[in-house]
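Protein chains in written order, with full-length UniProt numbering: chain A, 1 to 221; chain B, 1 to 296.
Hints are computed from structural coordinates only; laboratory data are not their basis. By construction, the Cβ of each residue, glycine as well, lies at the ideal position given by its N, Cα and C atoms. Fair warning: there could be bad hints in the mix.
Unchecked claim - From chain B, some residues computed to sit far from chain A (all C-beta separations above 10 Å):
no. : residue
1   : Trp16
2   : Asp21
3   : Leu27
4   : Glu48
5   : Asp71
6   : Leu81
7   : Glu94
Unchecked claim - Covered stretches of chain B, going by a simulated chain A footprint (3 or more residues, C-beta under 8 Å):
no. : stretch
8   : 52–66
9   : 100–111
10  : 130–139
11  : 202–208
12  : 227–240
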Amino acid sequence: MSLLDMIGPVMIGPSSSHTAGACRLGLVAHHLLGEAPRRAVIGLHASFAKTGRGHGTHLALVAGLLGFSPDDPRLPHAFEEAQAAGLSVEFKDVDLGDVHPNTAHIDLHGDTQHVTVQGSSTGGGVIQVTQVQGLGVNFSGASPTVLLRYTDAVGMIARIATTIAADGVNIAALTCTRENRGGQALLAIELDAPLSEQALAFFNHWPDTNWVRLLPKLMDG
Amino acid sequence: MTLEELMNAPAPASAWVLAQDCQETGLNPEDIRAEMARRIGEMRASIERGLKSDAKSITGMVGWNAKGLWDAPDVLNAPLLRRVQAYAMAVNEENARMGRIVAAPTAGSAGTIPGALIGVADHLGIPDERLVDPLILAAGVGKAISKRMFISGAAGGCQAEIGSSAAMAAAAVTELLGGTPRACVHAASLALMNTIGLVCDPVGGYVEVPCVSRNAFYAVHAISAAQLALAQLESFIPPDEVLGAMASVGRMMPPELRETAEGGLAQTPTGLAVTARMEGKGDGELPGGMVELPMA
């Protein structure tokens, strides 16, 4: 938490957890899709399902999917904006089990890409992303985060870390999960600074990486 | 950073807070000051919009309180009091009607700091440039609190949310009026001591009742704490111990009293009617002139 997170975010009301945090969860999906969103199915769990409507949670999630930040004056009109942008959204109440009461599961399609994101809004506009593409992660968007999906193999994390170090960027935190040995693995690396375009392009050229995304920093501090 | 360290920092306390934060985050102090100045502008804009509007919130429970107070005769002949209360409610009513506000530290407690700090400044004719450093101190106090306990109503009750904002505001007003770091921290501590056990019982689960009026009360509460501290009164219990006590009370508090709408005001017959209506289960007349939801 920095000073700018304590006095902030500047946001559209009414709830930092139900509105600003929900918008940021939508933004994660927006950035990870990497192209114009066309169709979203959003599952709302517990408190998000129960009191979301009066808190503008539905609007905030859609605003995030469109790439609007929590202080964007278009947020209360996100449904009209979505229609104009050719994005259709379906909401459903879901039981995601023993997770934070303010949790959403987002299934987002573009023309060629598809991403799933599950995350919780934990208070004061802070979020925790817990699943991407069905695999467990743990990052907050408080710093730039690079996500890589690849086929599990010996030495991949070392190669990736070496490339990041060569880019002059420090690693703050890292989570890695995989479907099974030799299966699909997902690595989420929180960074002190964004990676260069060259480093990202380099990752994209590796035959064993099949998905690379850089999520920009979503918090103020 | 502990409150004890802040209390013993060289004056002004805000300069120490800024230096500490920049060291931790790698941010540039001038960038933070510029951003805080912008946030004071945002707070002021939300006050101005909120004092003029009587449009209803999304649920229809609030929306006309700030304007009503601002336009009413000053029966107590206490212009500071009325200004602080109206400013605080103006921000939270803007919040409730999906207007743009600065969460400080949360959206539900967004009115307390602008109400107390900008209210006092306007009352005394102090320009906005001089509010930047006090706001940085407020943020530093919030950061110290968040390291020790929770700042959300869901985690620790309303003591954690509006209690934190009142403590932050109390420190800011104390520095604005020339208080030492020791006085600033004691102001924060006095404000916190008087919120211990405060439950978060929003009607229907929405940031409207009692949140809007609660911000008005706690903005005044923050100024009271500043006044005591500036007169050299201190919190008998050391500030960090007060934080420990709040964290412990927060953990003891049943979930029903922590923003779940399952206790307190939310469980009154009117509160239950609002909840049922917002969940689409109610029928008949809405209490308090509530409006239809804008979406299906």
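We went through each hint and held it up to the structure:
No Cβ of chain A approaches the Cβ of Trp16 (chain B) within 10 Å, the least distance being about 12 Å, so the stated non-interface status holds. At roughly 5 Å, the least C-beta separation between Asp21 (chain B) and chain A is not larger than 10 Å, which violates its mark as non-interface. The beta carbon of Leu27 (chain B) sits about 7 Å from the closest Cβ of chain A, which is not more than 10 Å, so the claim that it is off the interface is violated. Listed as a non-interface residue, Glu48 (chain B) keeps its Cβ farther than 10 Å from every Cβ of chain A; the least gap is roughly 15 Å.
The beta carbon of Asp71 (chain B) is kept farther than 10 Å from every beta carbon of chain A, the shortest such distance being approximately 23 Å. No beta-carbon of chain A comes within 10 Å of the beta-carbon of Leu81 (chain B); the shortest separation is about 24 Å. With a minimum CB-CB distance of about 7 Å to chain A, Glu94 (chain B) fails to clear the 10 Å threshold, and the non-interface call is violated. Judged by the Cβ-Cβ criterion of 8 Å, the stretch 52–66 of chain B is covered by chain A as claimed, because 3 of its residues qualify and three suffice.
Under a criterion of three residues with beta carbons nearer than 8 Å to beta carbons of chain A, the stated coverage of the stretch 100–111 of chain B is upheld, 10 such residues being counted. With 4 residues having a beta carbon nearer than 8 Å to a beta carbon of chain A, the stretch 130–139 of chain B meets the requirement of three or more and the stated coverage holds. Residues of the stretch 202–208 of chain B with a Cβ under 8 Å from some Cβ of chain A number 5, which satisfies the need for three, so the listed coverage holds. Coverage of the stretch 227–240 of chain B by chain A is violated [criterion: at least 3 residues with CB-CB distance below 8 Å; count 0].
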